[in-house]
Every structure is written in C-alpha cells, then in structure tokens.
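Could you put together the complete structure from these sequences and hints?
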Amino acid sequence: MSEEKPDNQLQPTGESIIEIKEMHKWFGEFHVLQDINLTVQKKERIVVCGPSGSGKSTLIRCINRLEEHQRGRIIVDGIELTNDIKNVEKIRAEVGMVFQHFNLFPHLTILENLTLGPIWVRKTPKKEAEADAMAYLEKVHIAEQAKKYPGQLSGGQQQRVAIARSLCMKPNVMLFDEPTSALDPEMIKEVLDVMIELAQEGMTMLVVTHEMGFAKSVAHRVLFMDYGRIVEQNTPSEFFDNPQHDRTKLFLSQILH
Amino acid sequence: MTGTDIKQIEETIKPPLTSVGGLGWMRANLFNTWFNSVLTLVTLYTLGKVVPPFIRWAFIDSLWLSTGEACKAAEGACWSIIPANIRFIIFGFFPYESQWRPLVAMVLLVGLLFYSRNRGHWKKSLLYAWGAGLLTMGLLMKGGILGLASVESTQWGGLPLTLLLSVFGLAAAYPLGVVLALGRASRMRAIKALCIVYIEMIRGVPLITLLFMSSIVFPLFLPEGVTVNVILRAQVAIILFTAAYIAEVVRGGLQAMTTGQYEAAESLGLNYYQTMRLVILPQALRIVIPPTVSQLISALKDTSLVVIIALYDLLKTTQSVLSNPTWMGFSSEAYIFVALIYFGCCYFMSSYSRRLEKELDRGF
Chain U
1289 MSEEKPDNQL QPTGESIIEI KEMHKWFGEF HVLQDINLTV QKKERIVVCG
1339 PSGSGKSTLI RCINRLEEHQ RGRIIVDGIE LTNDIKNVEK IRAEVGMVFQ
1389 HFNLFPHLTI LENLTLGPIW VRKTPKKEAE ADAMAYLEKV HIAEQAKKYP
1439 GQLSGGQQQR VAIARSLCMK PNVMLFDEPT SALDPEMIKE VLDVMIELAQ
1489 EGMTMLVVTH EMGFAKSVAH RVLFMDYGRI VEQNTPSEFF DNPQHDRTKL
1539 FLSQILH
Chain S
7 MTGTDIKQIE ETIKPPLTSV GGLGWMRANL FNTWFNSVLT LVTLYTLGKV
57 VPPFIRWAFI DSLWLSTGEA CKAAEGACWS IIPANIRFII FGFFPYESQW
107 RPLVAMVLLV GLLFYSRNRG HWKKSLLYAW GAGLLTMGLL MKGGILGLAS
157 VESTQWGGLP LTLLLSVFGL AAAYPLGVVL ALGRASRMRA IKALCIVYIE
207 MIRGVPLITL LFMSSIVFPL FLPEGVTVNV ILRAQVAIIL FTAAYIAEVV
257 RGGLQAMTTG QYEAAESLGL NYYQTMRLVI LPQALRIVIP PTVSQLISAL
307 KDTSLVVIIA LYDLLKTTQS VLSNPTWMGF SSEAYIFVAL IYFGCCYFMS
357 SYSRRLEKEL DRGF
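Protein chains in written order, with our numbering: chain U, 1289 to 1545; chain S, 7 to 370.
If you're looking for bench data, these hints aren't it; they were derived computationally from the structure. It is possible that some hints are incorrect.
Said to hold, decoys possible - Computed cross-link-like contacts, DMTMM-like style, restricted to lysine to aspartate or glutamate with a CA-CA straight-line distance of at most 25 Å:
hint, chain 1, residue 1, chain 2, residue 2
1, S, K55, S, E81
2, U, K1415, U, D1372
3, S, K129, U, D1372
4, U, K1414, S, E269
5, U, K1436, S, E365
6, U, K1435, S, E81
7, U, K1436, S, E269
8, U, K1411, S, E269
9, U, K1435, S, E269
10, U, K1427, U, E1355
11, S, K130, U, E1416
12, U, K1309, U, E1426
13, S, K129, U, E1310
14, U, K1378, U, E1416
15, U, K1458, S, E269
16, S, K198, U, E1400
17, U, K1435, S, E365
18, S, K198, U, E1368
19, S, K130, U, E1400
20, U, K1374, S, E269
21, U, K1415, U, E1368
22, U, K1436, S, E81
23, U, K1427, U, E1416
24, U, K1436, S, D367
25, U, K1435, S, E363
26, S, K129, U, E1418
27, U, K1411, U, D1372
28, U, K1458, U, E1368
29, S, K364, U, E1400
Now the structure itself:
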C-alpha cells in the first residue's frame, strides 16, 4: 500500500461538508445511535470501525437517509436532512454510496448501470454520460467489461463497477459500507487499490471497514464505535499505537491478533 | 505406452451396449423399475386401444365437404360442419356481404401482434403503427364513413369479438394490475388500503357475477336514456377482474426484490417513479412472466363466459350452428375446431413468454 505522505493539497481543507449534531436513532425501542457528534471536512478521509452491531453502518446510512434519524441534525453540503424528499434526493445525488453486497442492477449492462444516475437524475445527454462512464470504468480498470451484465463478473469486479457507478454522479462525498466484507480474500486488494487511488485524488471518504491496513495508510482519522456511541477518535498512528479506552484496546487486540 | 495400447484401452472402456442409444434410453426411462415397466405396458395398451380408432374416425372415415344428410349416414367425423358454417362461426351476425371487413381487421391485428413479437421492433414508429392500426380496425368494424355501411356493435360476434375482448382485456388489465400491485406495496396507507379492498373484493367474486352485474345491475344506476354499449361493459368487467389477479402475481415479483436494489437506486438520487420504472419493475416483472402468462391465458379463455350476457363470441356462434337441425349431433367436430383456435391463441402466448424469458435472461 501507498507509503508516500499525502501532500498538502490532499489534506482536509478545514471547511466542513458533513455536520452531525447530537443525533439519535432508535430501531423500535433499541437505541442504535446515541448522541452522535461528527464534523467531516472536505477532502477528509475517515475510517469507522467497531464491533458488529455497534451502529457504524447505521451511522453512514443516516448521512444519505437510507436510515432516518429521530433527534438531532444532519447537514450535508449545506442542506439539512429533513422529511422533504426533494432535499433528500438532492443530497443522495451528491453523496455516493458503495454497499457491502455491491447492489448492481442485474438487468442492466455495466455501462447502463453507470449511466442510469447521470441520465435520469443529472439529465446528462446519453452520449456524454456514456463517454463519462467509460472514463470511470477505465479508472477502475474494467473498461473491457462494459457490455457485460453484473452476473458475469466476479465479486471484486462488481464492487469496482459499483464504485465507478457512484463516481459517475460526481459526488462530493463517498460512503463505503464494508466494501470488502463480502469478497473472497484474493479480490480484496483490487477493490482497496481503487479506493486508495480515489483517496489520492482528494475525495472525501467515510469508510466502514475492518481493513486496518487501509485505515493506517489512508485515513486522516479513525473513529471507534461501540454500543451506538463514538467511543474514541484519533489519527491512525495515535489510534493504533496509543488507544485510550479499554474497549478500544480490547477491540484492537481482538482484530490485530 | 504406445499408441496401440491407448487405442486398446479406449476400446475396452466403452460403455455397455444396454446403457447407450435407444436401448439405453428405454432402459433408463421406461423400464428402470418394475413399477415403471408396468406403467409403460399399461400406457402402450391404452394408446393402442385409443389412437387407431380415433385416426380412423377423424381421418379415414371422415367427410370433409359433404352435406349434413350425407354426414348422418357416415361412420366417421363430419368435418363438413366447419366449411359449411365457417362464416357464421367466425363472424356471427355481421352482415354477410361486409364480412371482409372484420376479416381485414383481424389480419391487421394478428399482423401487428406478430410484428411486435420482436423486441427489436419496439420503437416509437411501432406505437404509431398500433395507433393507426387500432383506428383502422375500429373503422372497419363500425363503418359509417368512407362508403362503409354502418354496423351496430350488437351485430359483432364470433372470432372478432373474442379477439377484441381478449386483446384489449389483457392489454388494459396488465398495466392496471401493475399499478394495483404498486399501490398495495405502497407506504401510503390510504392507497394501500384502497388497493387491498379492490383486489380482495374482485377476487372474492366469480367473473360470471361481474359480467351479470355489468349487464343487468349497472344499467339500473344510469339515468334514463343513457346506455353504455354491452360489449364495452363486458370488456370493463373482464379488465377489472383480470387486473386483480395480475396485481397479486406482480406483488409476488415485487416481494422477490431485495432492499439492496431499492437502496442502490435511491442512493443514486432516483425518485420513486424512476426507481420503480428503471430498476424494480423490469426485474420483478421478468421474474413473474410464467405466472403472469398463465393468468393471461386463463383470462383469454374466460372471455367465453360472455355468452351468459347474450354476446355471440366464438363459442356461442359455434353452439348456434349446432342447434341447426341439419348439423345437430356433430358437436365433437365443432368443438374440436373451436378448441384448436383457442389452443392456437394460447400457444402463441406461452411460446412468446418462453422466448421473452430467454431473451431477458441476464443470469441473475
């Protein structure tokens, strides 16, 4: 993985793009997210980790309102998330999301998967959208598969297509929800490599992952969540070498062996 | 090992004669257990008893172009009933000299249907062709302009009526069924409740009841002097009935969709209609092609129930021929003929559905 220090241009700009204030969420009686406060700056890369059921996926799914929060505020790119469906759709177009199970559209070709959003949401002319899509497929090293259907691709290839599909919307933020958890081990690297390239271009990224190597080399900040709270957050080096909380230490000892 | 050695081994490992070819097939499929052997023998015996007499009746002793009297003396089938009455069976009471008009209309319809089979032809121009075609068919049937004599719809009957009720019934019921299914899956309570009530009410009632209501009860509610064409009323009843069943089939398809598909579409910023139209329905409808077609086929055959509200569809015109003293007693032949027409229509649909399934197969 890339050892070079990110240059200044790739550092967080200090300008916030996501603001979460005193946010709570319940699933029925279950309090999944408790008093979440988080500010993400432009070009910042955050890795969220924690044991399963700690609410980390729910947290990033709240940011594009795949889950609804019940208290507090979430502001993305200056727009507050409310019940106003128009606002929600606007935010979703600006925020890319990559899922654990890829969720490509199996009835469309790879190219059609990529152009669907631009054509229908951005109203980009078809020709232009296709040229764009091909460029992004090149970027994730999969252009030769454009005419195939998702079912004909391997898991790693599908996940790279899913990343390209999000990029086609030219998002300001990318959310990754355990992007490598459903992959066979030999395919994890090809997906992480694409994510690292994306990081090197200055994309704002929130990544839920168990890939600690990725966190160390790419993240500006690592968040540790447990029981619906952000327990600890720090720079990767501090986080891994000098964890503060007992629960963080326990978690790290379990996953780093 | 030398070449000859290999050849020898290849020869020695050939499968035993009884497991390949026709003999092997018979052994594996017809005589593999004692029970299957008995079944095979019983079946062969029954076929031997039934098939030759049927062939003798239908083809050897049969009469094809005789009069009714000649038929009564004959041993075999009297196919003569068909050519002698073909024009009444097909066109009913449509004025005799104008019967070329429904014929042209039907040819136009069948032609358009066949042309539309190929999905490569699904362009805007095809839509216009259908529009023009339907208009022409309507004009041909109704007349009244361009020197065509006006024909009241009460005189429509036979195959054109059956096709009219089926094609428009199915074409309208399908989209309505899809809308009802989406309504039933909706998060909006009022819409959901409305759709459930509609679907359950219609499904709880036999089609015959709906047809009776459309022809007898419905007119009672109309102001005096206002009438709605009886064919139109039957058509609406068939559409409402079929749509409820299609809705439940489509709902099954919607339930097969994972939340991941909705989430992926929504996270791109697609709105509800785009999500449904571009992502969910294309997949859900493909999954339910087999039950949908089976529903449409049964709806096509159900159109024959319009006889009970005195519409002369294909089945009724055939029955009328049978009440003619000259041709009384040849119902088998007449019904076989009608059955073949129905079979042709249904087979067209089911073979097309198989083709569509294959074409839309994306390996998911």
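task: Output the numbers, in ascending order, of every earlier hint that fails for this structure.
output: 2, 3, 6, 10, 12, 13, 16, 18, 21, 22
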